[in-house]
Amino acid sequence: MPKDVAVIGVGQSAFVRGYPGSIRELAFEAFREAMLDASIGVKEIGASVVCSAPEYDRQRSPSGLIAEYLGLNPQPTFVIENVCASSTSGIRAAYSLIKSGLHDIVAVIGFQKMSEISSAESQERMGRGADIMWESPFGTMMPAYYAMHARAHFEKHGSTERDLAMIRVKSSKYGMLNDKAVYRGEVKLEKALNAGVVSSPLKVYDCCANADGASCVILANRDRAVELSPKPVWLLGLGAATAPMNLTGREALDGLSCARAAARQAYQMAGLQPQDIDVAEVHDCFTIAELMAYEDLGFAGPGKGVDLVRNGETYIGGKIPVNVDGGLLSKGHPIGATGGSQVRTIVLQLRGEAGAMQVPGAEFGLVHNIGGVGIYSNVIILGR
Amino acid sequence: MGFERFGRKSFTSQTKVAAFVDYLDKGELRATKCNNCDQVFFPPRADCPNCLGDGMEWVEVEGTGSLVSFTQVNYAPAGFEGDVPYILSLVDFGKVRVFGRMRSDVPQEALKVGMPVKAVICRLSDGQVAYEFLPAR
Ligand SMILES: [Zn+2]
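Residue numbers (my numbering), protein chains in the order written: chain F, 1090 to 1473; chain G, 195 to 331.
The set of hints was computed from the structure by calculation and includes no laboratory data. Be aware that one or more of the hints could be misleading.
Claimed, not checked - Have a look at the derived ranges for each label pair, beta carbon to beta carbon:
no.	chain 1	residue 1	chain 2	residue 2	range
1	G	GLY249	F	ASN1400	54 to 60 Å
2	F	GLU1340	G	GLY249	37 to 43 Å
3	F	GLY1444	G	ALA304	49 to 55 Å
Unchecked claim - No farther apart than 30 Å at their CA atoms in a straight line, the calculated lysine-lysine pairs in the DSBU-like style are these:
no.	chain 1	residue 1	chain 2	residue 2
4	F	LYS1245	G	LYS220
5	G	LYS312	F	LYS1245
6	G	LYS210	F	LYS1245
7	F	LYS1188	F	LYS1262
This one's a predicted model, so the numbers in the text were calculated from it and none came from an experiment. Built from N, CA and C at the ideal position, the CB exists for glycine as well.
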């Protein structure tokens, strides 16, 4: 079990609708919290990795601007972008920078001000999130792709709209406990089942909450981590994989092949099995994505994810608590910040600092972060 | 040029496979096939990732496919608002899979995963050209 690189500081802004400040100020909120958490000064940071999906930014090349505002000149900085999986890809890059010996400490800053662009601009960009030559001309958008995966899962495995609604009920329960979540309301089963259809069979509460937000994760090599942190949380396993963007290239739609491949790599590197994981953060941009993640990560066998849902096994106290911070569904999904926020949640869990959301005695945690509809995947296993 | 005529709204005009649109004009849905290794591609492509060749011929996507999945979209991105609701579908023709829309007069209640589906060519009112799916009997 490799203990070469550890998280020594985590931070996150509140995830909100319509952040009333600039992107630099938003990023600073997460950075300040992570720096105070790590108890280090800016000169200790050897490099920064800035993660953001550029279609939402007015600022061209935001890394230079963010590094300046955070006080991280003259250290090197660069942007890593993998849409919704940007900040875990940033963590993968930071891990490499540290493991290679180039830098001792690296800060990964993820942010997205989704409200930076107008609703009309957002509508225009929505259609270009797919293969623009062969899919977008039909009027595609993200919910439609996940809806097609949902339909395929229903048909093959007997899962239902009710199972998906139950996943949202769980997210809302924990979102209510998370003071950084954008959606703090309760979603009862009937409310979720009776909501308007966005793209059949997905309804309003099957879709995650858009939000503005930022996250920051500070990583250090073994020596610095042990020296600086009373509770370092180690990156024990990292997996990353891709799958065709165009749906015509997918073998099947009842799961995400890139997630299965990334999970396999991460478990192997960590020397752990799915049953060793005590708490997980999965990429629930839509309820069906969480259901597929249970199976792709091996928490349930193929088609058996519904058993976890129906038996309440993904609540705290269940076999494998998942997204007990509200997930993307309730906590919110500021594209570039999401992966770093997921890592922060797991780090707090493993340190025993998750408050009302704490999974007692959690020793190993897992993060599953997906970019696009299963185009990019990162799976990261962390441990004390 | 030429590819700007594909679909309700095309996002690009230049591609080496723009002849795809010319075939649609003739009422044919075509894929490309690598001259060197015989792999068939849909969407059509100019370059083969298997053998790195760039010699392609156009082959027709024929017969009946199987409906892999579908969804009825009730909210559309910019440029497609006038079309909602519409049904996006993925159809497996054996050698290739094809992504597109169901014909607008087909209700989603009439659809079932695994059912036989065929592709037909359609002309849109503004000169755009595309293909769409229909349940096959
Ligand atoms: Zn070839």
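Status of the hints after comparison with the structure:
1. GLY249(G) with ASN1400(F): 54 to 60 Å: Given about 56 Å between the Cβ atoms, the range holds.
2. GLU1340(F) with GLY249(G): 37 to 43 Å: The hint (37 to 43 Å, Cβ to Cβ) is violated, given that GLU1340(F) and GLY249(G) are roughly 27 Å apart.
3. GLY1444(F) with ALA304(G): 49 to 55 Å: At 51 Å between Cβs, range holds.
4. LYS1245(F) with LYS220(G): Roughly 38 Å separates the two Cα atoms, so the pair is violated.
5. LYS312(G) with LYS1245(F): Holds - the C-alpha atoms of LYS1245(F) and LYS312(G) are around 22 Å apart, at most 30 Å.
6. LYS210(G) with LYS1245(F): Outside the cut-off at roughly 38 Å; violated.
7. LYS1188(F) with LYS1262(F): Violated, at about 39 Å.
Hint compliance for this structure: hints 2, 4, 6, 7 are not met, and every other hint is.
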